[in-house]
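Take these sequences, add in the hints, and give me the full structure.
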Amino acid sequence: MREVVLLGIGQHKVGRFPDETITDIGRTAILEALKDAGIEYKDIQAAYFTNRDERTPCLGQHVLGTIGLTGIPIINAENASPSASTAFVMAYDAVATGQYDAALAVGAEKTARGLRVPVVGVGVNINRMMAMAKQGFAVIPGMFALAMRRRMKDFGETVEQFAQVAVKNRKHAHLNPYAHYQDVMTIEDVLNSRLICDPVTLFQCCPTSEGAAAAILCSKDVAKRYKSDGFTIVASGVLNTPVSWSPALGITTAGLDKMAADEAYNMAGLGPKDVDIIELHDPFTASELIHYEDLSLCEVGEAGKILSEGKTEIGGEIPVNTDGGLLSRGHPIGATGLYQIVELELQLRGQAGQRQVEGAKVGLGHMEGLGPCATVIILKR
Amino acid sequence: MVEQGMKPIAEGLFTIPSLPGEQPRLIGSKCRNCGRVYFPKEVVCNACFQEDMEETLLSNRGKLYSFTIIHQKPMAYSGPMPYAMGLVSLPEGPTIMSLLTGCDFEKLELDMDVELVLEKIVEEDETVTYKFRPVQA
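First to last, the sequence lines map onto chains A and B. The working numbering puts the first residue of the first sequence at 1, with every later residue one more than the last. The working numbering puts the first residue of the second sequence at 1, with every later residue one more than the last.
No lab work stands behind these hints, which were simulated from the structure alone. Some hints here could point you the wrong way.
[As the list claims (entries may be wrong)] The list that follows gives simulated cross-link-like pairs (lysine to aspartate or glutamate, EDC-like), each with its CA atoms no further than 20 Å apart:
1. A:171 x A:276
2. A:153 x B:54
3. B:73 x A:276
4. A:171 x A:154
5. A:153 x B:113
6. A:153 x B:111
7. B:107 x A:276
8. A:13 x A:53
9. A:153 x B:119
10. B:63 x A:154
11. A:13 x A:188
Below you can see the structure in the form of C-alpha cells.
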C-alpha cells in the first residue's frame, strides 16, 4: 500500500438552490478542488461520483461532462448517508493500491423538502416494505425518538442534553459561511420547536439540503509535482457493513459503528486519544451522543456527560462537528461525507477562520447509513 | 376484536384466530442450526447463514423496549394522528417494531408488559395488522 495524500478540496455552499442544477453545483465543487490541488483536470485518472436522490443513470458523467470527458473511468455509487465518504474510500483504495496516481471523489445533491422517506423501488420486497410503511413505520426521526427515550431511562440523559447537541452544532455553524443554517439558537428554541416524534422536535432533525463537495487524492510521490508545502496524509479509510443490526441494536448502545471505528484506528495506528477534531454523523441529536460511544470518546452511557462538560465544543478537549454537522451545516445526502473531509482539511491546514481549533493534527470523519453501512476516515497532518 | 372478513396487511406475518377465545400469534422463523429467531420470517439465517429455517409461532406477550408518539404523518400511513409506535422485546429474542394501542399515550412506560392484538389501521378499511397494548393489571 502506498501513502496517499489529500491534494485538494472543494465545496459549494449548503442550502437550497432553485436556480442551479445538480451539474452546476457539482461542477463548482470540482473546479474548486482542482484549483486547490494545483492539478490539471486532464491529470485526474479516475472519478468516483455519488448522489442519493436524483436516480439519473450515469449522473457522474453528466456532472463531469459539463467540464469535459477525458476517457477516464467514472464510477457512480450510492450508499445512503455515507455515499460521498464511500466515494472517498474508493478513491483512497485505488490510489493506495497503485491503480491510479490521482483520483477525484465528488458528491452532489438536489433534494425535495420535508420528511425523508425510504424510496421503494420495483426490486425490493414490496409487500414487506409497503406493509411497514402502511403501519406508519417509515419515519426515520421515530427511530431516534425510540433511542432517546431508552437512553433517558438507561443512562439518565435529559431532553435538555439532547437539545444541547443542536445548540452546540448551531453555535459552530454560526462561524461557517457555507452552512445551511447559521443563526444561533437556545435550548428553549430547540425544545419549543414543532414536535415531530415525541421527544424529537423539529430542530433536533437535520435539514434536507442541497450542495456538493469534492476531494482529490494522490499518491505522495506524485503529489510533489503539484504542491511543495505540507500534505495531509490519509491515515485510514474504512467502509463496512456492521453486523447484527436490528431496530433495538445500535440505537442506544455503541454497537452499530464501533466495528468501522476500531478498524480505522487500527489501520492508522492511532487511538481515540490521538484525535484532535471529529466530524460525525448527527442527523438527529441522539445520533451524536450514540456516536461518541461508537468512536470510543467515552464509555457507553457517558456521552451526555462529556457533552455537558463542554468537551466536544470548539475550545473543548475534542471538538465535534466544528462546521455545524448535519444538524446545521446541513445534510445534502450524496455529498455530506465529503463536506466532513473539507472541514477536517481546513482545520488541519489552519484555514478554518473563526472556528479554527488550534494545533489540530489528526481529524476523524464518520458517517452512518441505513443500511446499515458505516465509514470512518482518519486524516493526519 | 376478531371479525369475519379480516384482511391481513401482508401474508405470513400473523395468524388470524378462527375460533372464539383463540389468540392471534406472530409468525416467525427459527434457525434449526443456531436457534436464532426472526420476525418477520427470514429465508436464510442472518447469523450463521444456513438455509435451514422452520416456521415458529411467537409469544403474544413482550416488554416495551421503547416508544414514541408520532406527530408528523409519514408516507403511505393513513391511520389516526398522532399515533404511538414502539419496539417490543419478545421472549424468543427478537425486538420488533409495532403500533401501540389500547391506552392513553401518557400511560405508556418503558419495560411494561404488552400483549398482541389484531386491529384495523384505518376504521373504513378491513385490513388488519398486529399491534401491542398494555396488559391490563
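Going down the list of hints, with the structure as the test:
no.: 1; hint: A:171 x A:276; verdict: holds (19 Å)
no.: 2; hint: A:153 x B:54; verdict: violated (36 Å)
no.: 3; hint: B:73 x A:276; verdict: violated (41 Å)
no.: 4; hint: A:171 x A:154; verdict: violated (29 Å)
no.: 5; hint: A:153 x B:113; verdict: holds (16 Å)
no.: 6; hint: A:153 x B:111; verdict: holds (10 Å)
no.: 7; hint: B:107 x A:276; verdict: violated (45 Å)
no.: 8; hint: A:13 x A:53; verdict: holds (18 Å)
no.: 9; hint: A:153 x B:119; verdict: violated (30 Å)
no.: 10; hint: B:63 x A:154; verdict: holds (15 Å)
no.: 11; hint: A:13 x A:188; verdict: violated (28 Å)
Hints 2, 3, 4, 7, 9, 11, counting from the list given before, are not met by this structure.
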